[in-house]
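J.: Under the working numbering, the sequence shown has 274 at position 274, and the numbering climbs by one with no breaks.
Hints are computed from structural coordinates only; laboratory data are not their basis.
Quick caveat, the model's predicted, so the values are computed rather than measured.
Some hints could be false.
Said to hold, decoys possible - Straight line, CA to CA, 25 Å or less: simulated PhoX-like cross-link-like pairs of lysine-lysine:
| hint | residue 1 | residue 2 |
| --- | --- | --- |
| 1 | Lys197 | Lys29 |
| 2 | Lys24 | Lys197 |
| 3 | Lys172 | Lys245 |
| 4 | Lys203 | Lys157 |
| 5 | Lys29 | Lys59 |
| 6 | Lys314 | Lys29 |
| 7 | Lys314 | Lys172 |
| 8 | Lys151 | Lys59 |
| 9 | Lys203 | Lys24 |
| 10 | Lys29 | Lys157 |
| 11 | Lys151 | Lys29 |
| 12 | Lys303 | Lys314 |
| 13 | Lys59 | Lys41 |
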Amino acid sequence: MEREYPKRKSSTHPDRVGKRRRYKRLLFKNGDMNITQCSVKDRRRRYLADIFTTLIDSKWTYAVLLFVAVFLVNCLIWLLVAFSRQDTIPEKADSARCVYGVSSFITAFQFSLETQHTIGYGTPRTANSFCQRSVVGVLIQAFMTGFIFSKLTLPGKRAGAIMFSREALVTKRDDQMVLLIRVGDMRRSQLMEASIKGTLVRKRITRENEILPLEQFRVDFGASTGRDRLFLPFPAIVEHRIDEKSPFWDISADDLQHEQFELVVALAGVAESTGSTAEARTSYLPSEIRWGYNFERLVTYQKENGRYQIDFNKFNSTRPTPLFPRMSARQMAGLCEANLRLFDAPASAGSRISAIDETQTVNPEEMDTHL
Numbered sequence: 001m002e003r004e005y006p007k008r009k010s011s012t013h014p015d016r017v018g019k020r021r022r023y024k025r026l027l028f029k030n031g032d033m034n035i036t037q038c039s040v041k042d043r044r045r046r047y048l049a050d051i052f053t054t055l056i057d058s059k060w061t062y063a064v065l066l067f068v069a070v071f072l073v074n075c076l077i078w079l080l081v082a083f084s085r086q087d088t089i090p091e092k093a094d095s096a097r098c099v100y101g102v103s104s105f106i107t108a109f110q111f112s113l114e115t116q117h118t119i120g121y122g123t124p125r126t127a128n129s130f131c132q133r134s135v136v137g138v139l140i141q142a143f144m145t146g147f148i149f150s151k152l153t154l155p156g157k158r159a160g161a162i163m164f165s166r167e168a169l170v171t172k173r174d175d176q177m178v179l180l181i182r183v184g185d186m187r188r189s190q191l192m193e194a195s196i197k198g199t200l201v202r203k204r205i206t207r208e209n210e211i212l213p214l215e216q217f218r219v220d221f222g223a224s225t226g227r228d229r230l231f232l233p234f235p236a237i238v239e240h241r242i243d244e245k246s247p248f249w250d251i252s253a254d255d256l257q258h259e260q261f262e263l264v265v266a267l268a269g270v271a272e273s274t275g276s277t278a279e280a281r282t283s284y285l286p287s288e289i290r291w292g293y294n295f296e297r298l299v300t301y302q303k304e305n306g307r308y309q310i311d312f313n314k315f316n317s318t319r320p321t322p323l324f325p326r327m328s329a330r331q332m333a334g335l336c337e338a339n340l341r342l343f344d345a346p347a348s349a350g351s352r353i354s355a356i357d358e359t360q361t362v363n364p365e366e367m368d369t370h371l
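Full structure from sequences and hints, please.
T.: Okay, here's the thing in structure tokens:
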């Protein structure tokens, strides 16, 4: 059953002529989400339940301040231990001390640092064999090392080298209207198993008059034929065929001036150098879709050195498509079908006459009469 897409008002509607409504985007061009959450029940408890992921997602400033606070609190704990056990009293016997030589915050910090980094206590400071400070310090260091490594190897860092064209283009390929997007990777290390997918987000009104403000429609970039799988040592142009299953089937060039939707595009792959999965995202508003344009060629062969050269200055360069109509894909398909019926009509009539002549039988008596 063919999926029903939301009906749109005509581009000549009196309320919409000459007006261009501003559509605020859900996803910024750099891939960051323009979404805020509120009234989430037990948000803090859920965040603290997975403290490692919370720290990974936090900013470097907050994470560093947190670890500095942990070290300082750790030093204060041992200072409190020394004061509570009265280890700071000089007259106390050394055999009864838990911490030796700690009498202030500075000496507690030195003791904490010397124990954690195993750099020696000097003379005469030493630690009782029953103190667990070194164990706590090792745990803090191990956690911090894992955090820094995970933070530095976040997939989003690798995705920052992936480029999307500033605009999406609508043109014609192989007698089929298509939507084109150019993608590229600036790094020399390959992005393995790279694939691209798209989603159109727009408002839809159901038959029961229910308003769905952010309905999602799939935009196929060739998943059924494998054309969504990309090899990115050089920039590639991905295409979405605008057919009956496409959400752009009824959209014309004039409709883009009044439409309110957002095309979200995501490219995912495995980084060759780290083996981690990376995903880069961007989005296109109707104002960022150019009708009747194609991309300029940016790959040239250099005869001097026998290598291919990629000019990224032309990454967003476009050229107009000659004589490209401004009608929608549905209108173009209907026009082509009408032309085919028009040209097939005389041929069909002639074939019917030939068939009648071939099936007619001649009476011999009538033949003699004519002779």
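J.: What are the numbers of the hints the structure violates, in ascending order?
T.: Violated hint (a single one): 4; every other hint is consistent with the structure.
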